[in-house]
Amino acid sequence: MDIKSPFNKFGQKVLLALCLSLIGTSVLATDLSHYLRPSEIPQPDNNRMTPERIELGKMLFFDPRLSGSNWISCATCHNPGLGWSDGLPTAIGHGQKILRRSTPTILNTAYQPLQLWDGRARSLEKQALGPIEDEGEMAQRLHKSEDRSHGLIDELNALKGYRDAFETAYPGEGITKKTIAKALSSFERTIVSTDAPFDRWIKGDKKAMSKSALRGFTLFEGKANCAKCHSNFNFTDNGFHNIGLEDATDAGRYAIRKVKILIGAFKTPTLRDIALTAPYMHNGAYTTLEEVIEHYNVGGISKENISPNIKKLNLSNSEKSDLVVFLKSLTGKPSPITYPMLPVE
Amino acid sequence: MKQKYLFNIMFIGLTMIFTTTAFSEEYVIDQHNKSFQLGGKKIEAITIKAGDTIRFKNEDPFFHNIFSLSDLKTFDLGSFPKGQSKTVTFDKAGLAEVECAIHPEMYMEVSVQ
Chain Z
1 MDIKSPFNKF GQKVLLALCL SLIGTSVLAT DLSHYLRPSE IPQPDNNRMT
51 PERIELGKML FFDPRLSGSN WISCATCHNP GLGWSDGLPT AIGHGQKILR
101 RSTPTILNTA YQPLQLWDGR ARSLEKQALG PIEDEGEMAQ RLHKSEDRSH
151 GLIDELNALK GYRDAFETAY PGEGITKKTI AKALSSFERT IVSTDAPFDR
201 WIKGDKKAMS KSALRGFTLF EGKANCAKCH SNFNFTDNGF HNIGLEDATD
251 AGRYAIRKVK ILIGAFKTPT LRDIALTAPY MHNGAYTTLE EVIEHYNVGG
301 ISKENISPNI KKLNLSNSEK SDLVVFLKSL TGKPSPITYP MLPVE
Chain F
1 MKQKYLFNIM FIGLTMIFTT TAFSEEYVID QHNKSFQLGG KKIEAITIKA
51 GDTIRFKNED PFFHNIFSLS DLKTFDLGSF PKGQSKTVTF DKAGLAEVEC
101 AIHPEMYMEV SVQ
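Sequence order for the protein chains is Z and F. Take the first sequence: its position 338, counted from the start at 1, is 338 in the numbering used here, and no numbers get skipped. Take the second sequence: its position 6, counted from the start at 1, is 6 in the numbering used here, and no numbers get skipped.
In short, the hints are calculated from the structure, not lab data. This one's a predicted model, so the numbers in the text were calculated from it and none came from an experiment. Ideal placement from N, C-alpha and C gives every residue a C-beta, glycine not left out. Keep in mind that the hints are not guaranteed to be accurate.
What the hints assert, rightly or not - Computed footprint of chain F on chain Z; a stretch qualifies when at least three of its residues, placed anywhere within it, have a C-beta under 8 Å from a C-beta of chain F:
(1) 236-244
(2) 321-328
Claimed, not checked - In silico negatives: residues of chain F with every beta carbon more than 12 Å from chain Z:
(3) Q37
(4) E44
(5) R55
(6) L69
(7) T74
(8) E105
What the hints assert, rightly or not - Okay, derived cross-link-like pairs now, BS3-like style, lysine-lysine, Cα gap no bigger than 30 Å in a straight line:
(9) Z:K228 with F:K41
(10) F:K42 with F:K57
(11) Z:K320 with F:K82
(12) F:K42 with Z:K126
(13) Z:K320 with F:K49
(14) Z:K228 with Z:K206
(15) F:K42 with Z:K303
(16) F:K82 with Z:K311
(17) F:K49 with Z:K97
(18) F:K73 with Z:K223
(19) Z:K328 with Z:K303
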């Protein structure tokens with residue numbers, strides 16, 4: 001599988017330079033090359049992506065037997081048909097338990113140095129087993145335990161289809177916590193955004209964005225202050241901010257790093273495919289992008305420990321509308337995905 | 001005799017203050033492009049002497065919040081915008097890990113000798 005981006009970095013820059021020189025709008029007067037797609041998908045040296053590893057990871061991702069109930073797969077919450085999320089305000093886990101945080105999309109997680117809303121996992125490999133073992137989420141045991149006669153690794157080892165797939169993907173390494181995490185991560189790294197109207201526009205297609213969307217982009221970078229945090233290709237600074245949501249019960253990043261500014265702070269989510277990933281915010285507080293814009297327009301609801309980036313914006317109704325149109329221009333046509341056949345023996 | 005003793009104590013004290021002031025240095029570490037930089041170059045580690053000071057200066061157009069939870073030196077400089085700076089004096093030998101709370105990819109080690 002070719003894991004290189006189809007867009008050559010040099011070619012992108014040339015096109016962007018042409019775009020900048022030919023179109024003299026105020027929006028294009030600045031250097032926008034930081035919005036270009038990186039030339040390669042980041043991947044660690046000890047888990048380079050191969051077709052075999054990706055295919056194995058895909059099987060595991062869609063296999064409900066990864067959960068203690070044999071009923072919840074990774075794809076149950078990270079549903080490709082719903083923007084790799086679940087369309088719910090907050091996730092539903094093992095035993096139909098409603099969890100306190102929303103399911104983040106896994107689109108473009110390959111580009112994120114820290115995973116999960118509070119950033120507690122420093123790589124996809126370190127994140128992959130977390131939900132599987134979490135009592136509230138998939139409630140699985142990796143090894144046999146007092147309450148289970150056999151664990152996930154035993155279950156996978158019992159299936160020739162999985163034994164062969166692991167041996168092909170990770171020769172001689174066997175079915176272990178490490179190889180399960182590596183395979184899942186390999187598949188997740190393939191889940192990347194496709195070109196959205198914004199990408200086509202930034203590469204020179206002047207018709208790709210409407211005038212309203214262009215006005216929205218100018219606001220996004222200026223008056224509305226969005227780009228302070230939603231920056232670069234993935235529209236995130238990979239940072240943590242308290243944005244003034246009413247949610248006194250969740251400490252957020254502060255549980256990981258005891259620094260005052262992190263009380264109630266959560267990772268800046270990507271805005272890629274934003275039209276597909278409602279509801280929004282770590283607690284699913286808003287169901288529409290209009291509500292999100294209004295939240296920022298009033299400078300947040302709760303002022304307790306709020307980020308200094310959040311201020312009243314005084315946006316007009318048409319400005320709010322333009323911002324929403326721009327945000328929707330960050331949504332591409334999702335790549336079709338085929339459901340894998342899962343080993344039964 | 002007593003006066004001479006006091007004079008000697010004062011002399012030693014002043015000498016110690018003078019030498020500490022004379023030899024302690026201030027390093028300016030910029031926060032630029034979400035990285036720690038010294039003299040325009042990204043750094044991930046710096047070696048200083050006990051008594052030296054680091055001035056953390058924000059050169060990015062957004063807030064940073066520099067902190068350390070290390071045993072050697074625990075501090076939280078709070079969030080501050082572009083153009084502002086805050087200082088930390090490292091008075092004991094050891095190793096301190098310094099990060100930005102907002103942007104955790106910003107990380108550096110301060111080795112104090």
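Right, here's what the structure says about each hint:
Closer than 8 Å: that is the beta-carbon criterion, and the region 236-244 of chain Z has 5 residues meeting it against chain F, so the requirement of 3 holds. Counting residues of the region 321-328 of chain Z whose beta carbon lies closer than 8 Å to any beta carbon of chain F gives 0, which falls below the threshold of three, so the coverage claim is violated. Under the 12 Å C-beta cut-off, the non-interface status given to Q37 (chain F) relative to chain Z holds; the minimum distance is some 18 Å. With a minimum CB-CB distance of about 14 Å to chain Z, E44 (chain F) clears the 12 Å threshold, and the non-interface call stands.
Once the 12 Å rule is applied to beta carbons, R55 (chain F) is consistent with being away from chain Z; the minimum gap is 20 Å. Distance check on L69 (chain F): its Cβ comes as close as 7 Å (rounded) to a Cβ of chain Z, failing to clear the 12 Å threshold; non-interface status is violated. With 12 Å as the threshold on Cβ separation, the claim that T74 (chain F) sits away from chain Z is violated: the shortest Cβ distance comes to roughly 10 Å. Non-interface status of E105 (chain F) relative to chain Z is broken: a Cβ of that chain comes within 12 Å, the nearest being about 5 Å off.
Taking the CA atoms of K228 (chain Z) and K41 (chain F), the gap is near 23 Å; set against the 30 Å cutoff, the hint holds. Note on K42 (chain F) and K57 (chain F): the hinted pairing holds, with a Cα-Cα distance of about 14 Å set against a maximum of 30 Å. Using a Cα cut-off of 30 Å, the hinted pair K320 (chain Z) and K82 (chain F) holds, with the two alpha carbons roughly 28 Å apart. This hinted pair checks out: K42 (chain F) and K126 (chain Z) have alpha carbons roughly 27 Å apart, not beyond 30 Å.
Straight-line distance between C-alpha atoms of K320 (chain Z) and K49 (chain F) comes to about 53 Å, which puts the hinted pair past the 30 Å bound. For the given pair, K228 (chain Z) sits about 25 Å from K206 (chain Z) by alpha-carbon distance, which is consistent with the 30 Å threshold. Between the alpha carbons of K42 (chain F) and K303 (chain Z) the distance comes to roughly 35 Å, so the proposed pair goes past 30 Å and is violated. About 17 Å separates the Cα atoms of K82 (chain F) and K311 (chain Z), which keeps this hinted pair within 30 Å; it holds.
Between K49 (chain F) and K97 (chain Z), the direct Cα distance comes to roughly 54 Å. Violation of the 30 Å bound is thereby established for this hinted pair. Between K73 (chain F) and K223 (chain Z), the direct Cα distance comes to roughly 39 Å. Violation of the 30 Å bound is thereby established for this hinted pair. A C-alpha spacing of about 28 Å is found between K328 (chain Z) and K303 (chain Z), which places the hinted pair at or below 30 Å, so the restraint holds.
Of the numbered hints given earlier, the model fails hints 2, 6, 7, 8, 13, 15, 17, 18; all others are met.
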